[in-house]
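Novice: For the record, the sequence lines run as chains F and W. If you're matching positions, the first sequence starts at 125 in the working numbering and goes up one per residue. If you're matching positions, the second sequence starts at 125 in the working numbering and goes up one per residue.
Don't read these hints as lab results, they were simulated from the structure. Do not take every clue at face value.
Treat identical chains as interchangeable: a pair holds within one or across any two.
Stated by the list, open to error - The calculated lysine-lysine pairs, modelled on DSS-like cross-linking and capped at a C-alpha distance of 30 angstroms, are:
| no. | residue 1 | residue 2 |
| --- | --- | --- |
| 1 | K329 | K579 |
| 2 | K514 | K455 |
| 3 | K579 | K455 |
| 4 | K430 | K617 |
| 5 | K589 | K131 |
| 6 | K430 | K514 |
| 7 | K454 | K430 |
| 8 | K514 | K579 |
| 9 | K617 | K405 |
| 10 | K329 | K430 |
Number of protein chains: 2
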Amino acid sequence: MRTDIEKWDYFELVLEAETPGNPFLDVDFSVVFSLGHRCLPVAGFYDGDLRFLARFMPDTEGEWQYMTASNIPALDGVSGSFTCVPPSAGNRGPVRVIDSYHFAYADGSAYHPVGTTCYVWNHQGDALEEETLATLASAPFNKIRMCVFPKRYVYNNNEPPLYPFEGERSSPWDPALLNNYRYPETPDFWDFERFNPAYFQHLEKRILQLRDMNIEVDLIIFHPYDYGAWGFDKMPAEVNDRYLRYLVARVAALRNIWWSFANEFDLMADHSLADWDRYFKLVQQQDPYDHLRSNHNARRFYDHGKPWVTHCSIQRHDMTQIPRWLNEYKKPVIVDECGYEGDIGNAFGSLSAEEMVARHWLGFATGGYVGHGECYEHDDDVLWWSKGGKLYGECPARIAFLREIIEAVPPPGLFPLSTDREVLDMLVDRPYNGITVGHNGVDYLLIYYWMHQLKYARLNLPQDKRYRIDIIDTWHMTIIEAENAATGSVQIKLPRRNYIAVRVERAH
Amino acid sequence: MRTDIEKWDYFELVLEAETPGNPFLDVDFSVVFSLGHRCLPVAGFYDGDLRFLARFMPDTEGEWQYMTASNIPALDGVSGSFTCVPPSAGNRGPVRVIDSYHFAYADGSAYHPVGTTCYVWNHQGDALEEETLATLASAPFNKIRMCVFPKRYVYNNNEPPLYPFEGERSSPWDPALLNNYRYPETPDFWDFERFNPAYFQHLEKRILQLRDMNIEVDLIIFHPYDYGAWGFDKMPAEVNDRYLRYLVARVAALRNIWWSFANEFDLMADHSLADWDRYFKLVQQQDPYDHLRSNHNARRFYDHGKPWVTHCSIQRHDMTQIPRWLNEYKKPVIVDECGYEGDIGNAFGSLSAEEMVARHWLGFATGGYVGHGECYEHDDDVLWWSKGGKLYGECPARIAFLREIIEAVPPPGLFPLSTDREVLDMLVDRPYNGITVGHNGVDYLLIYYWMHQLKYARLNLPQDKRYRIDIIDTWHMTIIEAENAATGSVQIKLPRRNYIAVRVERAH
């Protein structure tokens with residue numbers, strides 16, 4: 125029987141074996157996949173019901189061989205092969221960093237992250253989860269931040285349908301703990317030596333559905349929003365490491381995975397900086413595909429300069445700092461959390477749509493990336509930012525408009541205006557104080573004026589080149605062509621409004 | 125002959141004398157004013173045409189005596205008296221700092237600075253200057269920043285009608301110098317040993333007109349916008365000191381004077397920090413009335429903690445820092461320059477009215493003060509920010525609205541929310557990230573939501589007090605009473621818009 129697996133999909137080997145002891149702890153099971161002289165060792169995992177699985181995402185077409193190794197005879201020395209065939213339409217492989225500051229799919233096609241956040245949409249039961257998927261199908265997002273673990277927080281008082289470990293709470297949760305950052309004990313009501321495979325199967329199902337919608341998953345491995353509800357934020361070190369190995373073995377073969385080690389890592393008092401470094405190194409060592417890795421902050425940044433960090437995942441409100449971070453870390457900057465459109469009492473979730481759209485433009489127009497979220501209060505406590513469901517805001521349409529503009533920038537994307545002399549010389553009025561400029565050499569400029577209402581955009585275009593100049597109203601989503609073959613000294617009359625941008629593009 | 129001078133107006137002694145040598149340099153002339161055993165020495169000055177003047181602003185009603193002293197017999201030993209009578213309506217005396225962070229007139233009545241900037245309106249000739257005064261008469265401003273010296277800058281290429289010294293330029297000014305911060309020589313085309321009294325008489329006339337309109341004058345003593353046009357920014361040290369003594373002798377008796385030692389002192393490369401300290405000390409020593417003193421920055425602050433600084437005069441764009449500065453310097457904070465409403469190519473002068481009004485609210489609502497300016501481009505180069513003339517923007521009406529609200533705050537004004545436990549406890553949702561709260565104990569709260577659109581304002585009012593709660597739309601200038609006798613736990617539905625404020629005021 126010939127098995128065909130398309131490139132960047134995954135091959136799954138399933139073996140059954142009765143094992144003595146605890147199959148999660150006492151069984152070594154791994155598989156080496158090989159193509160010619162290239163060998164890739166992959167960790168297998170126990171999936172319950174006597175089933176041992178190993179998953180592998182091939183990145184090269186051809187006939188791959190495999191051979192298992194185990195301390196259990198039934199799982200040892202099993203060999204076979206499959207054929208890796210060309211990817212189908214829409215399958216462009218995992219996302220990588222290119223040109224220091226940007227991203228692309230493995231097939232080389234452009235990828236500009238336009239993300240949203242629904243932290244625990246995958247813990248809400250099928251009806252709401254299916255509604256979230258339907259909403260995402262018509263939303264502009266190609267990336268989502270979501271948690272492995274359930275969440276306890278304001279607007280998040282429900283129990284998830286499944287838990288990641290066997291066992292159950294011995295006592296009801298005390299809501300008073302929601303006001304404490306520290307609460308007493310490491311939980312003793314889970315069997316931390318036995319994962320619940322159904323929990324991870326459900327997670328994988330949702331990740332695969334997102335994969336097939338071309339949505340990257342920024343998978344949040346740890347988070348502090350637990351408050352003693354389950355204690356997944358303060359598990360013993362060996363459990364954390366076992367959890368990381370199990371998670372990587374299960375989901376690394378899903379091409380749309382990014383590893384987000386935490387949401388607000390610096391609020392997790394039970395994890396030291398040395399712990400975070402260890403998690404990064406462990407995942408980097410276990411992940412055969414080198415998926416993207418970062419760590420999201422509350423107040424203080426994780427050091428994005430560390431070699432195992434592939435890009436900066438940032439929570440901040442001031443997008444004008446993006447050029448500074450790009451320069452400091454020499455890596456792509458994604459401000460996953462700049463605040464959310466909404467109307468809740470927490471200031472993070474009450475931004476007006478105008479402000480939220482402005483933060484997106486400020487970030488994208490300087491060569492960074494900005495993430496979305498929405499917090500409109502509803503009686504059923506279903507807020508997009510956490511549980512998914514429906515989108516109510518005015519941002520998504522405008523982010524779709526922005527995404528079209530960003531995807532039309534010459535590859536790999538925009539760079540912040542810094543000391544590029546040729547580009548600086550094109551600007552008669554030097555921008556500062558919130559007027560931002562992204563460029564792609566002298567072929568493309570995007571000037572975003574934010575709350576500035578200049579009467580004229582004045583440009584000094586190279587005399588030997590011609591440019592199309594568009595005036596973009598980022599809020600009303602209009603693009604008006606002002607010039608189509610401009611050269612030399614140009615003065616463009618601008619509308620006297622907030623949120624105007626000017627696009628200057630080489631006309632060939 | 126009995127002379128009556130109202131309190132905080134000034135008495136002017138005029139003596140004539142022919143003197144050998146240079147009357148600006150070679151004549152010592154001073155006057156001691158006394159009331160009972162209280163003696164106040166005041167420097168006189170030469171006003172041209174053989175006239176020597178001394179001005180004195182009495183702060184106490186009664187019969188004041190004076191006696192002159194001079195190295196010129198005709199000016200020596202002249203004595204006399206005048207009667208200081210009660211002030212007329214509108215004359216509330218000079219402005220002082222009270223309660224560390226606020227201001228009041230000398231008569232104790234409240235003064236909240238609501239300033240504007242017309243740097244060199246007084247160098248534009250009578251027609252435009254009279255138009256500026258007419259505009260100010262119906263504008264909401266009770267303070268103006270203006271320069272002693274003329275200004276050369278973009279939109280400022282005209283020569284002033286008068287110069288402060290005798291002499292004239294020996295060569296035409298080169299416009300290319302406008303692009304240089306440094307230019308060569310100390311000017312040699314002025315007779316720095318001879319002031320031009322007509323120049324200062326004109327300045328005084330304008331200051332007095334403003335005084336009579338109840339507009340304080342934040343008089344800018346030095347500024348860097350000269351670019352070799354006149355060289356008043358790089359005069360020799362002894363000329364600077366003589367200029368300071370002459371200026372103080374002439375105008376200190378005008379009660380609406382504030383000393384602003386510079387605009388953007390840190391751009392003046394020819395003045396060291398030690399120079400600025402010396403200027404402060406010299407003026408403090410010469411000024412019998414201890415008028416307010418500060419020094420305005422471009423990038424780096426002058427140290428407002430120095431003992432001779434009475435308040436912080438600040439250029440910054442981020443008003444959310446005001447509570448930090450108040451706490452750091454323990455002095456009133458006036459952000460004289462937060463950017464200007466306008467449409468010019470310079471980012472400082474292209475803020476939308478929405479943004480400019482928001483910066484005012486952010487500043488005032490945290491116990492600071494924010495200044496206005498306007499930069500709409502016109503063919504005649506008359507921009508309010510520099511030359512005065514007419515106001516075109518949408519801010520002034522909204523600043524008038526804000527001023528009414530600020531003037532209705534219980535004295536001495538608002539304080540930023542910091543660690544005041546009683547006030548913190550009134551707020552169910554703790555403000556941050558641009559939501560600002562000013563308070564006056566538990567009797568008055570002003571919450572400004574900026575770009576946050578909370579569905580509800582939630583308050584926890586003291587059970588033993590009743591409050592009126594108003595919803596203020598700071599842009600549309602509406603005030604809607606939501607409650608008139610609220611107490612305890614209160615939830616106020618807010619409109620879902622930018623720029624909303626809530627006022628919570630003790631109902632007595």
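Novice: None of the hints should be skipped; say for each whether it holds.
Specialist: Hints and how they fare:
{"no.": "1", "hint": "K329 x K579", "in the structure": "neither (53 angstroms within a copy, 36 angstroms between copies)"}
{"no.": "2", "hint": "K514 x K455", "in the structure": "neither (33 angstroms within a copy, 50 angstroms between copies)"}
{"no.": "3", "hint": "K579 x K455", "in the structure": "neither (36 angstroms within a copy, 38 angstroms between copies)"}
{"no.": "4", "hint": "K430 x K617", "in the structure": "neither (46 angstroms within a copy, 47 angstroms between copies)"}
{"no.": "5", "hint": "K589 x K131", "in the structure": "neither (42 angstroms within a copy, 71 angstroms between copies)"}
{"no.": "6", "hint": "K430 x K514", "in the structure": "neither (38 angstroms within a copy, 57 angstroms between copies)"}
{"no.": "7", "hint": "K454 x K430", "in the structure": "within (11 angstroms within a copy, 41 angstroms between copies)"}
{"no.": "8", "hint": "K514 x K579", "in the structure": "between (40 angstroms within a copy, 18 angstroms between copies)"}
{"no.": "9", "hint": "K617 x K405", "in the structure": "neither (54 angstroms within a copy, 50 angstroms between copies)"}
{"no.": "10", "hint": "K329 x K430", "in the structure": "neither (32 angstroms within a copy, 65 angstroms between copies)"}
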